[in-house]
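Protein chains in written order, with our numbering: chain C, 1 to 122; chain R, 1 to 159.
Please note that a few of the clues may not be correct.
DEER-style ranges, computed between Cβ atoms [unchecked claim]: (1) C/His27 x R/Ala46: 18 to 24 angstroms; (2) R/Lys55 x C/Arg28: 54 to 60 angstroms; (3) R/Lys129 x C/Val106: 24 to 30 angstroms.
In silico BS3-like cross-links for lysine-lysine, where the CA-CA straight-line distance does not exceed 30 angstroms [what the hints assert, rightly or not]: (4) R/Lys143 x R/Lys113; (5) R/Lys55 x C/Lys26; (6) R/Lys129 x C/Lys16; (7) C/Lys16 x R/Lys55; (8) R/Lys143 x R/Lys154.
Stretch by stretch, here's where chain C covers chain R in the computed footprint (C-beta under 8 angstroms, at least three residues) [said to hold, decoys possible]: (9) 3–12; (10) 21–33; (11) 36–42.
Source of the hints: derived by calculation from the structure; they are not laboratory data. Built from N, CA and C at the ideal position, the CB exists for glycine as well.
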Amino acid sequence: MKDIDEILRNNRPVVKDNPTFLLETKHRLEAVEGIKAEVDRQRSYGRTALIVALAVGLAAGVLATAVAFLWPVDAKSVEEGLWQSIRLFLESWKQYLIYPVAVLAVALSLVVSTGRDRKSFC
Amino acid sequence: MTRERFIEYVRVEQEPLRRFLLALCNGNASLADDLAQDALMRAYVASGSFLGLSKFSTWLLRIAYNCYIDHCRRFVPDKVPVEQALDVPSVEASDASFRYEGLYQALERLPEKEKAAIALFYFEDRSIKEIATILDMPQGTVKYLLSTGRTHLKQLIRL
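Bound conformation, chain C alone:
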């Protein structure tokens, strides 16, 4: 295989000098500037919406966990009503509440840290 290796390494394609290539690239970049701005705007909007959604979910999860553990409900003495139903539901599942809260916390930190990497490159 040494021969074919040598032939390949010694005969790489020769790119002809094309002075108009960079000039044409600049013109085309100007033309797509509007598209890029819109794509960047959409991406920024999507990222902000994701961070807000994760933060709200995390806050709600922490609050629910706190309520479930700090104010335990006696199932026998629960009255009718939406709020009591929610508290009863949290009481029944409180040992599992930590998992979705942890997932939300990890997701939020990943999204925020990924954005920080991007800024450092650009």
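For chain C, the structure is supplied; the task is to place chain R on it using the hints.
Chain R alone, transformed into the frame defined by chain C:
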């Protein structure tokens, strides 16, 4: 990324980019430059999503390879299986950018993925890991493609 910054990157990376596409396009410099422009526009529009996890050149070559694959899907050439292609003369228009004509004709007959792996490894001096990133496949597959590519080239050039 600002336009000026992007142009600075392009100034450095345009030669490897054009050479890679020239190899994929079988020496058709006009088509290679068109695909390079297309790849650069896509890269610029998507530059906000570049996380810097790989080198800029690796990211750019990956976009260029995707542009080439899209082009191949739009214009499917009459392909001859490698085993039957030994005595088939070249019909592709070319500006003879490859100095070694036999190698040029042989590369033209390789499957696209083999050709891309060979071009990146031998013409661009990319590592197996980088090639795997660019072609979006496991490193083992890249090694396999390089091995079969070399065997096919050896058959086609008749060393």
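Hint by hint, which ones does the structure fall short of? 2
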